[in-house]
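Asker: Residue numbers (our numbering), protein chains in the order written: chain B, 1450 to 1625; chain L, 121 to 307.
I should point out that these hints are in silico values taken from the structure, not numbers from a laboratory. Cβ coordinates follow ideal geometry from the N, Cα and C atoms, glycine included. Among the clues, some could well be false.
Unchecked claim - Non-contacting residues of chain L with respect to chain B, defined by C-beta distances greater than 12 Å in every case (computed):
{"no.": "1", "residue": "191"}
{"no.": "2", "residue": "233"}
{"no.": "3", "residue": "268"}
Said to hold, decoys possible - Simulated restraints on C-beta separations:
{"no.": "4", "chain 1": "L", "residue 1": "217", "chain 2": "B", "residue 2": "1522", "range": "27 to 37 Å"}
{"no.": "5", "chain 1": "B", "residue 1": "1598", "chain 2": "L", "residue 2": "178", "range": "39 to 49 Å"}
{"no.": "6", "chain 1": "L", "residue 1": "285", "chain 2": "B", "residue 2": "1515", "range": "21 to 31 Å"}
{"no.": "7", "chain 1": "L", "residue 1": "241", "chain 2": "B", "residue 2": "1509", "range": "27 to 37 Å"}
{"no.": "8", "chain 1": "L", "residue 1": "153", "chain 2": "B", "residue 2": "1586", "range": "29 to 39 Å"}
{"no.": "9", "chain 1": "B", "residue 1": "1598", "chain 2": "L", "residue 2": "155", "range": "46 to 56 Å"}
{"no.": "10", "chain 1": "B", "residue 1": "1588", "chain 2": "L", "residue 2": "192", "range": "43 to 53 Å"}
{"no.": "11", "chain 1": "B", "residue 1": "1586", "chain 2": "L", "residue 2": "232", "range": "20 to 30 Å"}
{"no.": "12", "chain 1": "L", "residue 1": "233", "chain 2": "B", "residue 2": "1616", "range": "19 to 29 Å"}
{"no.": "13", "chain 1": "L", "residue 1": "214", "chain 2": "B", "residue 2": "1484", "range": "48 to 58 Å"}
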Amino acid sequence: MKLLLGLILGGAFGAVLQMSGASSYTKMTNALRLRDFTIIKLILMAIGVGMIGVNLLDALGLANIRIKDLYVLGILAAGLIFGVGLAVSGYCPGTALAAAAEGKPDAWATVLGGLLGAAVFAFLFPEIEEYLLSIGRYGKVTLHGALGVAGLWLAVPLGSLFIWLAFRLPLKEADR
Amino acid sequence: MAMARARTLGPIPLSWWGGGLAIGLILTIATALAEPIGVSAQYVVLDGVLLHALAPATVEQSPYLEKTAKGWTLQTYEFFFVLGIPLGAFLSALATRRLSTRVVPSEWAARFGPSPLRRVIWSFVGGFLLLFGARFGGGCTSGHMISGISQLAISSMLFTAALFAAAMLTVRYLYPSPNRPNREGRA
Chain B
1450 MKLLLGLILG
1460 GAFGAVLQMS
1470 GASSYTKMTN
1480 ALRLRDFTII
1490 KLILMAIGVG
1500 MIGVNLLDAL
1510 GLANIRIKDL
1520 YVLGILAAGL
1530 IFGVGLAVSG
1540 YCPGTALAAA
1550 AEGKPDAWAT
1560 VLGGLLGAAV
1570 FAFLFPEIEE
1580 YLLSIGRYGK
1590 VTLHGALGVA
1600 GLWLAVPLGS
1610 LFIWLAFRLP
1620 LKEADR
Chain L
121 MAMARARTLG
131 PIPLSWWGGG
141 LAIGLILTIA
151 TALAEPIGVS
161 AQYVVLDGVL
171 LHALAPATVE
181 QSPYLEKTAK
191 GWTLQTYEFF
201 FVLGIPLGAF
211 LSALATRRLS
221 TRVVPSEWAA
231 RFGPSPLRRV
241 IWSFVGGFLL
251 LFGARFGGGC
261 TSGHMISGIS
271 QLAISSMLFT
281 AALFAAAMLT
291 VRYLYPSPNR
301 PNREGRA
């Protein structure tokens, strides 16, 4: 049953990515060029809704929270590498799968490159772990944990801010 | 703005707010019934399972593979979630008549020419960097940006800030904007 649940939720996710244009190279590139804010608005909306939803669940004790480790230098380096890859390919690991399924051959190349990149990382991991992952290591820290409040107290105002920003941003640069 | 190329695809069928709302709800449901959404680890899982089948001796050199592709199986909730993405995208593209086999996106062609090989090589390189970075950081746009920030994780906020900074700088380099000369003056 868990497999079917995964397939259904993943299928819905893939369909939404595809239908909202997130798997489009041009949309992604123009989002990064600050010319077309569609994807930025989509992400802000998704995070705003998700933040309130997840923290509401958490307040009710129903959320399976998974916080990722903070290791400052490694996370910064990883984010920078990922960002260059995003700009060059125009896809992220999820939208590349959606774009590949739409039939776009360049997205197939991104998926194959991704499989190679993931494999190379897997074999380099012991070296990377020893040096980069140990610098600035703080574990699973959250903003509300650091401030000592319940997540919902931050999630409602911050999530609302994200949703407000999503509506506030123009769709295209020319609309400003 | 007006590309000479005729568009054969239909318009984007889902608005940004509809899509964003849906993703936020999918994340919430997934967090309640299973766990927050994530994609990039499953690239490692697929690598691990394939390598384990083809060259079992090689995989022993990577404790990371062994840990990530637990039990060398693809029959997990996480893998099926990721498997669902292309399935769902294929069905929705079929239903909305947006299947497309173009190799070179029009935006790319206008800047770097129509060569399919050039586009394929660079999208391969981009994919390599994406997954190397995502596994290094422990997540991608789904796991770090959407799930991570929603859970108010500080590592995810840092990852997202770094990725946007790098992506925007790279795109500025790839596509120098001619309409803002005074902002480009520092190069």
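Asker: If a hint holds in the structure, say so; if it doesn't, say that too.
Answerer: To see whether the hints hold, each was checked on the structure:
1. For residue 191/L, the shortest C-beta to C-beta distance to chain B comes to about 14 Å, beyond the 12 Å cut-off, and the non-interface label holds.
2. Listed as outside the interface, residue 233/L is consistent with that label: its C-beta sits roughly 14 Å from the nearest C-beta of chain B, beyond the 12 Å cut-off.
3. Listed as a non-interface residue, residue 268/L fails to keep its Cβ farther than 12 Å from every Cβ of chain B; the least gap is roughly 6 Å.
4. For residue 217/L paired with residue 1522/B, a C-beta distance near 47 Å fails the hint of 27 to 37 Å.
5. Between residue 1598/B and residue 178/L the Cβ separation comes to about 48 Å, which falls inside the hinted range of 39 to 49 Å.
6. A hinted range of 21 to 31 Å holds for the C-beta pair residue 285/L and residue 1515/B, which are about 25 Å apart.
7. Distance hint check for residue 241/L and residue 1509/B: the Cβ-Cβ separation is about 50 Å, which falls outside the suggested range of 27 to 37 Å.
8. Between residue 153/L and residue 1586/B the beta carbon distance is about 31 Å. The supplied range of 29 to 39 Å therefore holds.
9. Residue 1598/B and residue 155/L have their C-beta atoms about 24 Å apart, which leaves the hinted 46 to 56 Å range violated.
10. The hinted range of 43 to 53 Å is not satisfied by residue 1588/B and residue 192/L, whose Cβ atoms lie roughly 29 Å apart.
11. Distance hint check for residue 1586/B and residue 232/L: the Cβ-Cβ separation is about 40 Å, which falls outside the suggested range of 20 to 30 Å.
12. For the pair residue 233/L and residue 1616/B, the supplied restraint of 19 to 29 Å is violated, since their beta-carbon distance comes to about 39 Å.
13. In this structure, residue 214/L and residue 1484/B break the distance hint of 48 to 58 Å, their C-beta atoms being roughly 29 Å apart.
Hint check: violations occur at hints 3, 4, 7, 9, 10, 11, 12, 13; the rest are consistent with the structure.
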